[in-house]
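So you can see what is in the structure, the chains are spelled out below.
There are 2 protein chains.
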Amino acid sequence: MKPKDAPKGPVDRKIPPGDNRERLVCNDCGFIFYDNPKLVVGAVVEAEDGKILLCRRAIEPGHGLWTIPAGFMELGETPHDGALREAQEEACATIAIDALLAIYSIPRISQVQMIYRARLVGEDFGVGVESLEVKLFAWDDIPWEKLAFPTVHWALVQFDQMRGKSDFAPLANPLH
Amino acid sequence: MKPKDAPKGPVDRKIPPGDNRERLVCNDCGFIFYDNPKLVVGAVVEAEDGKILLCRRAIEPGHGLWTIPAGFMELGETPHDGALREAQEEACATIAIDALLAIYSIPRISQVQMIYRARLVGEDFGVGVESLEVKLFAWDDIPWEKLAFPTVHWALVQFDQMRGKSDFAPLANPLH
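Those protein sequence lines, which keep their order, are chains P and G.
Just so you know, we're using this note's numbering here: the first sequence kicks off at 1 and counts up by one.
Just so you know, we're using this note's numbering here: the second sequence kicks off at 1 and counts up by one.
Bound-form chain P, shown alone (with noise of 0.2 Å):
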């Protein structure tokens, strides 16, 4: 569909013929960047004992604060995978998935966040190299007031609400 090398003159915003919409086009050779939503995956991670695996972010956004294993899904995986190199990549950890918690939608940034439920593999996990820390919290001894991104927040509450519960619909952003 599209050439694999990148474009080697300069680019403009137009309209391709045959679109509706303004796209990144090269002058030189036509090549159009689509510029569409990206997709974020990650997971809420619980180990054997019920506590949950969270990350202090290296770097921006939410520096220094905490999140669940999660990042944009790279070119060529498919979003359980990506979820499974997010808790690799951020924490070390090996994960199995369970479900799908929660599909959030943020328009604003253009983003969808697929959220999975999982459990920590065997009991290693470290610091990845996007990661300042990572622990395993009791749930009453969850940062609440230092997690990096609403989702975050979102996501965990999810969770809770769902434990228990299999074969659910997941859920979406809260009508707050």
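If you're looking for bench data, these hints aren't it; they were derived computationally from the structure.
Source: prediction; values computed, not measured.
Idealized CB from N, CA, C, for every residue including glycine.
Don't take each hint at face value.
Examples of chain G residues toward chain P, derived with CB under 8 Å [stated by the list, open to error]: (1) P79; (2) I97; (3) P107; (4) P143; (5) W144; (6) P170.
Output of the computed footprint for chain P on chain G, the stretches with three or more beta carbons under 8 Å from beta carbons of chain P [said to hold, decoys possible]: (7) 27-35; (8) 69-77; (9) 118-124; (10) 158-169.
Got chain P sorted already, so can you dock chain G onto it with the hints?
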């Protein structure tokens, strides 16, 4: 996070600082085009008499073949709104979404498809600019041999499987 304007200079494929994958980067201004998987949103649309709304494609890929209304999600919309828009664009149809039927992942082409179950609102529909023909099909008359994509086949079969069910985990690629 990233500049709103198009880059001015030529673009190369290289690993930006702090990243671990090649991206398209403008040599002039440093603008990074993150090329991530794309979301396709669409719906299996049922009319009041149980017939299914299909569109015969006026564009490649699958020119001349039948599809459910679906297409790439655009910036600034939710998946739900994208599915409504596609039904309007391809079939001039107003639809009401009832459930998330399935999420298909096609890593070979870096695509994730979110397919909803929906009802046709009213009786009006028409032929959108990307369609040659738009029709309601009784289940037994669906042109199974002339469907544009495997995912259309999957979505129709899974729609049939899930009749009468609600609050279910979205289905996935069939395992064959």
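Status of each hint after checking the structure:
For P79(G), the shortest C-beta to C-beta distance to chain P is roughly 6 Å, which falls under 8 Å, so the interface hint holds. For I97(G), the suggested interface contact is broken, since its CB lies about 12 Å from the closest CB of chain P, more than 8 Å. Proximity of P107(G) to chain P holds as hinted, the smallest CB-CB distance being about 5 Å (cut-off 8 Å). Given hint, P143(G) at the interface with chain P, is violated; its Cβ is 25 Å from that chain's nearest Cβ, farther than 8 Å.
For W144(G), the interface hint is violated, since its Cβ never comes within 8 Å of a Cβ in chain P; the closest pair sits about 26 Å apart. At its closest, the beta carbon of P170(G) sits 7 Å from a beta carbon of chain P; the interface hint therefore holds under the 8 Å criterion. Counting residues of the stretch 27-35 of chain G whose CB lies closer than 8 Å to any CB of chain P gives 3, which reaches the minimum of 3, so the coverage claim holds. A stretch counts as covered by a chain when three or more of its residues have a beta carbon under 8 Å from one of that chain; for the stretch 69-77 of chain G and chain P the count is 6, and the coverage holds.
Chain P is given as covering the stretch 118-124 of chain G, and this is violated because 0 residues of the stretch bring a CB closer than 8 Å to a CB of that chain, at least three being needed. Under a criterion of three residues with beta carbons nearer than 8 Å to beta carbons of chain P, the stated coverage of the stretch 158-169 of chain G is upheld, 4 such residues being counted.
Going down the numbered hints, you'll see the structure goes against 2, 4, 5 and 9, while the others check out.
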